Amino acid sequence: MNHSMINASAGMRAMQQRVDTIANNMANSDTVGYKSQDTAFASLLVRNLNNQPYAEQEPSRITPFGTRPGFGAKEAVFQTNFEQGTIKTTDVPTDLYLGGEESFFRVQRTMDSGEQAVLFTRNGNFKLIPVNGQQRLVTESGDPVMDNSANPTPIAIPIGATDFKVKSDGQITYRLGDVEQTGPRIGVYGIQNPNILNHAGENYYQLSPGLPLNQYAQLSNADGTAMPEGVAVHQGGLEMSNVDLRKEMTNLIEAQRALQFNARALSYNDQMMDITNRIFRG
Amino acid sequence: MLRGLDAAASGMIANQARQDALTNNLANVNTPGYKSDNSTFRTFPELLLERIRDTNSGVAGLPAFPGPKQTIGRISHGVYNQELVPNFIQGDVTETGKVLDVALVDEGLPTIVENGRQVQPRMFFAIQKPGENGQLQTYYTRSGNWSMNAQGQLTTIEGYPVLDINNQPINLRALLGNAPLNKSTLQLTPGGQLIAPGNPNAAPVQLGLYRVNNPAANLVKEADTTFRYSGNGAPTLYNPVNDISVAVKQGYVERSNVDAGRTMIDLMTVLRSYESNQRVLQAYDMTLQKLNEVGKI
Chain A
1 MNHSMINASA GMRAMQQRVD TIANNMANSD TVGYKSQDTA FASLLVRNLN
51 NQPYAEQEPS RITPFGTRPG FGAKEAVFQT NFEQGTIKTT DVPTDLYLGG
101 EESFFRVQRT MDSGEQAVLF TRNGNFKLIP VNGQQRLVTE SGDPVMDNSA
151 NPTPIAIPIG ATDFKVKSDG QITYRLGDVE QTGPRIGVYG IQNPNILNHA
201 GENYYQLSPG LPLNQYAQLS NADGTAMPEG VAVHQGGLEM SNVDLRKEMT
251 NLIEAQRALQ FNARALSYND QMMDITNRIF RG
Chain B
1 MLRGLDAAAS GMIANQARQD ALTNNLANVN TPGYKSDNST FRTFPELLLE
51 RIRDTNSGVA GLPAFPGPKQ TIGRISHGVY NQELVPNFIQ GDVTETGKVL
101 DVALVDEGLP TIVENGRQVQ PRMFFAIQKP GENGQLQTYY TRSGNWSMNA
151 QGQLTTIEGY PVLDINNQPI NLRALLGNAP LNKSTLQLTP GGQLIAPGNP
201 NAAPVQLGLY RVNNPAANLV KEADTTFRYS GNGAPTLYNP VNDISVAVKQ
251 GYVERSNVDA GRTMIDLMTV LRSYESNQRV LQAYDMTLQK LNEVGKI
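Here the protein sequences line up with chains A and B, keeping their order. Anchor point for the first sequence: position 126 equals 126 in UniProt numbering, and the numbering is continuous, going up by one each time. Anchor point for the second sequence: position 178 equals 178 in UniProt numbering, and the numbering is continuous, going up by one each time.
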């Protein structure tokens, strides 16, 4: 395979990955709490070639001695856009959404290995399900939502509780019989730099391995403290996906055309190789 | 042997090298801060052809002695791809709205004359990455698609630290304090100063911006959309008084400056040129074939 074919195929692969990312965004344009992703490119390896070893024999050059052909492009990183999505009012008491782009609900999931994984989500499409004689607040995937204590425990209220309410600081209140009761407080965590979050699937995020939780995720509403400015838990609505379909369509067209350009370049190279093969006709 | 055979072959090789550069440009049509390469052809050094005059010895009845040399003329033996000249023209600047996307706009920098050539100076960001010997070196880039890493440093998409005016990595966490990272807590002035309005105790950080007067002659293209400075001395640090026409824009990214349409046309031209060289090669081949037939019985 010659050099330009490698370039064209590297370019095609990078563009294909971009199309994949855009397709994923478009598929999730109606997913609650989904954050759109984008790919960023960087140029690949460059090598230095000398046509001949004597710099003084090429007096009219513009550039430093040697030629430096590159090897195409690669997609360097997936970037997640944590911008706030639009809010859809549902009036369902257990539908919550968070104000403040860097805030997350904390969720616990028991992994297959038995390990308790700490996950974060913006998807506030919660439900109350009966577990062990109590009603537990769980996510769409059935994982318990954690409270704001130092050793977080799953949030639960007694069975038979009515009038489930969540205040903006995460405090849950409910009515048992005729008496208003104060329940646990939903834990809201602030992550200063959301770039360190990895996608864990099902709209969950996880801290990159090796980063201590207490250092990178700060509890925003410990007991007795107020939420930081702009951060609040809201009830009766859902944060929809922040995918901007117009932007995605534009990007898709662009990526597709770039893919075509590279495919065309590959085809030109094929023709060149054909011409090379036809030098000798037997 | 026929001299033109090698010339035709060299034409094919040179065209292949040009095709390599063009496909590389095309592969980087979406790479932020990429600068397209133009390939330039140069003929091989010319040779002086001379013939030894062997017909004129001057004396009748005696064998002919070689006479003085006679100049036939100059001949060139083909072409090669001499250099790839990066085109440093500004790429399109597009809005992304992301807090750590940064674009350099320097179209207004006045041209200067260097070694009798008019050149356009360009501005670059300074980053740190391991060089050939494994030690950290300063590289220059126009790619402003940045992020913040787990240590709180401002880095390029490849994870290389972006440098400040003192050639030190920039610690965004120290700048931000406990405030989250977004457009209202971290602002970038057009002069390249990072400020955190919510954390008045933190001193602003000036990005390391450098002006390279003749980028084509002094910068060597490296991987990851970076350049290495190979000229004498060092690039000039941004001067807010003199370089008023330079602006750093937050929330924007400078895109690749590859012109896809022109590159496609160039690809077609190169293909045809390659083909005509092949035809010439074939013509020579046929001539040689005829030569072989001469001696046939």
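Note that these hints are calculated values from the structure, not bench results. The model shown is predicted, which means the values in this text are computed figures rather than measured ones. Idealized CB from N, CA, C, for every residue including glycine. One should not assume that every hint holds.
[As the list claims (entries may be wrong)] Below, computed lysine-lysine pairings styled on DSS-like, alpha-carbon distance capped at 27 Å:
| hint | chain 1 | residue 1 | chain 2 | residue 2 |
| --- | --- | --- | --- | --- |
| 1 | A | 88 | A | 167 |
| 2 | B | 290 | A | 247 |
| 3 | B | 249 | A | 88 |
| 4 | A | 88 | A | 127 |
| 5 | A | 88 | A | 247 |
| 6 | A | 127 | A | 167 |
| 7 | B | 183 | B | 249 |
| 8 | B | 249 | B | 129 |
| 9 | B | 183 | A | 247 |
[Claimed, not checked] Covered by chain A, according to a simulated footprint, are these stretches of chain B (three or more residues, beta-carbon under 8 Å):
| hint | region |
| --- | --- |
| 10 | 21-27 |
| 11 | 146-158 |
| 12 | 173-183 |
| 13 | 221-230 |
Now the hints, each set against the structure:
no., hint, result
1, A:88 - A:167, "holds (18 Å)"
2, B:290 - A:247, "violated (65 Å)"
3, B:249 - A:88, "violated (34 Å)"
4, A:88 - A:127, "holds (17 Å)"
5, A:88 - A:247, "holds (21 Å)"
6, A:127 - A:167, "holds (17 Å)"
7, B:183 - B:249, "holds (12 Å)"
8, B:249 - B:129, "holds (24 Å)"
9, B:183 - A:247, "holds (20 Å)"
10, 21-27, "holds (count 6)"
11, 146-158, "holds (count 7)"
12, 173-183, "holds (count 7)"
13, 221-230, "holds (count 6)"
Going through the hint list in order, the structure does not satisfy hints 2, 3.
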